[in-house]
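Start from chain S and add chain B according to the hints.
There are 2 protein chains.
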Amino acid sequence: MNKSKKIHMKTEEFRKQGHKVIDWIADYYDHVEEYPVLSQVKPGDIRSQLPDEPPIKGKSHDEIIEDMNIIMPGITHWQSPNFHAFFPCATSGPAILGDLISTGLGVNGMSWETSPACTELETHVLDWLVDMMALPKKFKSNSKGGGVIQDTASSSSLVALLTAREKASNGKSNENGANGKFIAYTSSQAHSSIEKAVKIAGIGKKNMRMINVDEHFSMKPSHLRQLIEQDLKDGLKPIFVCATVGTTSSTALDPVNEIGKICKEYDIWLHVDAAMAGPAALCEEYRFINEGLDYADSYNFNPHKWMLTNFDCSIFYVADRSQLINTMSILPEYLKNKTSDSESVFDLRDWGIPLGRRFRSLKLWQVINYYGISGLQQFIRDHMKMTKTLRLWIESNKDFEIVAPTPLTLICFRHINGNAFTERLLTRINESGKAYLTHTKLNDQFIIRFSIGQTSTTIEHLKKTWDYIVKTSREII
Amino acid sequence: MNKSKKIHMKTEEFRKQGHKVIDWIADYYDHVEEYPVLSQVKPGDIRSQLPDEPPIKGKSHDEIIEDMNIIMPGITHWQSPNFHAFFPCATSGPAILGDLISTGLGVNGMSWETSPACTELETHVLDWLVDMMALPKKFKSNSKGGGVIQDTASSSSLVALLTAREKASNGKSNENGANGKFIAYTSSQAHSSIEKAVKIAGIGKKNMRMINVDEHFSMKPSHLRQLIEQDLKDGLKPIFVCATVGTTSSTALDPVNEIGKICKEYDIWLHVDAAMAGPAALCEEYRFINEGLDYADSYNFNPHKWMLTNFDCSIFYVADRSQLINTMSILPEYLKNKTSDSESVFDLRDWGIPLGRRFRSLKLWQVINYYGISGLQQFIRDHMKMTKTLRLWIESNKDFEIVAPTPLTLICFRHINGNAFTERLLTRINESGKAYLTHTKLNDQFIIRFSIGQTSTTIEHLKKTWDYIVKTSREII
Chain S
1 MNKSKKIHMK
11 TEEFRKQGHK
21 VIDWIADYYD
31 HVEEYPVLSQ
41 VKPGDIRSQL
51 PDEPPIKGKS
61 HDEIIEDMNI
71 IMPGITHWQS
81 PNFHAFFPCA
91 TSGPAILGDL
101 ISTGLGVNGM
111 SWETSPACTE
121 LETHVLDWLV
131 DMMALPKKFK
141 SNSKGGGVIQ
151 DTASSSSLVA
161 LLTAREKASN
171 GKSNENGANG
181 KFIAYTSSQA
191 HSSIEKAVKI
201 AGIGKKNMRM
211 INVDEHFSMK
221 PSHLRQLIEQ
231 DLKDGLKPIF
241 VCATVGTTSS
251 TALDPVNEIG
261 KICKEYDIWL
271 HVDAAMAGPA
281 ALCEEYRFIN
291 EGLDYADSYN
301 FNPHKWMLTN
311 FDCSIFYVAD
321 RSQLINTMSI
331 LPEYLKNKTS
341 DSESVFDLRD
351 WGIPLGRRFR
361 SLKLWQVINY
371 YGISGLQQFI
381 RDHMKMTKTL
391 RLWIESNKDF
401 EIVAPTPLTL
411 ICFRHINGNA
421 FTERLLTRIN
431 ESGKAYLTHT
441 KLNDQFIIRF
451 SIGQTSTTIE
461 HLKKTWDYIV
471 KTSREII
Chain B
478 MNKSKKIHMK
488 TEEFRKQGHK
498 VIDWIADYYD
508 HVEEYPVLSQ
518 VKPGDIRSQL
528 PDEPPIKGKS
538 HDEIIEDMNI
548 IMPGITHWQS
558 PNFHAFFPCA
568 TSGPAILGDL
578 ISTGLGVNGM
588 SWETSPACTE
598 LETHVLDWLV
608 DMMALPKKFK
618 SNSKGGGVIQ
628 DTASSSSLVA
638 LLTAREKASN
648 GKSNENGANG
658 KFIAYTSSQA
668 HSSIEKAVKI
678 AGIGKKNMRM
688 INVDEHFSMK
698 PSHLRQLIEQ
708 DLKDGLKPIF
718 VCATVGTTSS
728 TALDPVNEIG
738 KICKEYDIWL
748 HVDAAMAGPA
758 ALCEEYRFIN
768 EGLDYADSYN
778 FNPHKWMLTN
788 FDCSIFYVAD
798 RSQLINTMSI
808 LPEYLKNKTS
818 DSESVFDLRD
828 WGIPLGRRFR
838 SLKLWQVINY
848 YGISGLQQFI
858 RDHMKMTKTL
868 RLWIESNKDF
878 EIVAPTPLTL
888 ICFRHINGNA
898 FTERLLTRIN
908 ESGKAYLTHT
918 KLNDQFIIRF
928 SIGQTSTTIE
938 HLKKTWDYIV
948 KTSREII
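Protein sequence lines, in the order shown, are assigned to chains S and B.
Just so we're aligned: 327 in my numbering is position 327 of the first sequence, and the numbers increase by one with no gaps anywhere.
Whatever position you read off the second sequence (first residue = 1), add 477 for my numbering.
So here's chain S without its partners, still in its complex pose:
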């Protein structure tokens, strides 16, 4: 983009087209409820409408926006107030505009020098969040620890595991078959990304222990201890425990305090995955989710899930940043510079896997500034309150049963007619386009997950969706 060059979009054209795109997005949000939440297309429907060959000659931007009509039927509307699948990806106006500024500036914050503001704002805002959420001070940059933005919780867990591995092997994980002896532990309800991380790190599925859960789907510390003892007897080396605060299936809370004590006793890295639940700690009354974090070596939560900051934005804290940097840092000549040599700054490329880094703290900073702590708290409280009301409705209907505790904003329920019926009901709801919910299995039962957390969801939306679920279940009978 520039003022004059021929093939590029001129800034005047950018203004005009940019205003149109902004209006297009505003119109989208004004009408988002009119689309089927789950895309109703069949495999190949979108592709078959795209030209086989790319254009030789460029198109006007007006035509390009027109072409969005091909794309839209293939969108599943994550920003619909009736999106209750998986966990939310709740975005907001200031987040979209903050990300737009970041895209516009087009900087790559791989090291401090390549945009000092990118590194310093990230560190600053992540320090703010430690205070806002009453997390342990060891995660702040003025201690030995610090925070960094990763793309997803998958990457955060992987980075935690790699750091644990390098710490346990003193950087020699591949020697003398060390990797083959390392053992990682998590509950059978933990996110699949933990298993993926164990595979990536070369530790292997065979050396992954799935700890049993109690009747609330929380990890049993007694079983963890038992397996650690057994592994030690077998000459293996326990190096990593991932506790989950708010599991994906049912938002179960692992007893981090008890787990932490065991990790301390056996000198095992404790990572706490609170990808969805984390932002609840913005409110004093929900800080039970922070219990035991004093034992954590690393901690993760995702503002892109439930803190109004668009995807991707996953926060990763570590209690000892030197261990993380030792794991991730490789310094070739072409990346050296005087400021980095002086060690007076952080180079965040050494805090994660990719070298290049977007200016992601900008959107997070602008979201916090726009809502303020009080606005973010109200957002969380509104969802907690709505969830309570919805839960009462479900409880009071004798055709349905709730099958797991609801500590946060996910309700797990089923129809009393059993698995096949519940599955059929869910399919009908999703095919209607009126709402999108997903399922899980708990104790071999097919469960509908009703996840609340979208920005624009109101109690009226929940009422409408719940009524439709009840009505549909009666129709199926």
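Careful, some of the hints might be misleading.
Said to hold, decoys possible - Ranges between beta-carbon positions, derived for each pair: (1) B:Glu652 <-> S:Lys233: 16 to 26 angstroms; (2) S:Ala134 <-> B:Gly895: 53 to 63 angstroms; (3) B:His693 <-> S:Leu232: 46 to 56 angstroms; (4) B:Glu510 <-> S:Lys16: 17 to 27 angstroms; (5) B:Ala897 <-> S:Asn257: 56 to 66 angstroms; (6) S:Lys16 <-> B:Trp870: 34 to 44 angstroms.
Claimed, not checked - Which bits of chain S does chain B cover? Going by a derived footprint, with three or more residues having C-beta under 8 angstroms, they are: (7) 32-43; (8) 106-118; (9) 151-161.
Stated by the list, open to error - Below, simulated DSSO-like cross-link-like pairs (lysine-lysine); rule was C-alpha separation at most 30 angstroms, straight line: (10) B:Lys813 <-> S:Lys464; (11) B:Lys697 <-> S:Lys206; (12) B:Lys714 <-> B:Lys697.
What the hints contain is simulated information worked out from the structure, not anything from laboratory work.
Glycine residues also receive a C-beta, built at the ideal position from the N, C-alpha and C atoms.
Just chain B now, kept in the frame of chain S:
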């Protein structure tokens, strides 16, 4: 964002503020040349201006935009026409707007169902690119292979290595010390992310072989063969070779054809990293960079470097997608759905590390549509031509010497007064704010890298910067 809810930005406000942000970005590009290219702040300068405490009460969006005045001095201007450091991150109007639409829609394309258009457009556009760049057909989705967008080349290389490791160990890399026997090879000029990937994968630096380069900084196939033979004799298992087309230090081209033959002979995975160079193949006359790709198991290039698509957008092709999916796929109950079960679609979460995925193909699609093949070709040709002219200027000045071939758009040169002088010269240039260039070392010489590739760079910009370099060098003397 919605029409009415209290704490959130209303769509009418979003329109107003969005137009302002668009104009802010347009103004930025209109004036980008007036900023010092390399940020001139000292460590802590930006942070010290940020409030210690996050706000309790939210701010207006007008104030938030005002606050960008704190940030701007801490920006290094990657989009300046005088940015010649590292490699470019050339963006464009249609890319920014395409990414904005993606941010606005806020979808997460982790599986086909969660937004069919996100998966199908990505596959379609990456098939287009195979044709546009005359890459081997095995990388297209209608063969056994396919393409996927990763965040960076670091991740692409890692994913390639992991797939090679799982293939070589039949999924049992952690058993019987297998990881400790695996050997990876790349040239001493390859990108540091290869070494990082080897570390992450648990293969370890000890098992990483740095192959010697010839006088053009290209990998010596004879040395590769020699080390492979030695490793085999020592009972080790060569599993991975990364060849580079356009190294970071000097855009050296490894002889992929010869390397590929060796990989085929010994059954070793060949990954080709063309992160910067790749887009040159849009033009028929530069397709020498594709030489030997028929041997490649995987291939990577970054449209976010030199194809007008903003960061992050790194393309990863694989010749046999089943090997990639076997490496990356973990399927928990809560991610299952009927369409995925039918295997009629791709679930791109199984093609990389993160579960969550932005709708990144949208910006790439819109860039290709806006410029057309011919516009993109002209963009590449303009840069190649400018580089040639600049090289003539440098060559004709007897105070400077060019120390490496210039196959693409990076010129490596030094002042004849030696290392200390050249370093001092570079520091002065960067401190002036008039241009930003970075350095490397080649044969123990301190080298200035003059990298061309920014969207708005013209021959006049290059002339001005070159004149300034010459003038400054005389002043230092």
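- prompt: Which numbered hints does this structure break?
  reply: 11
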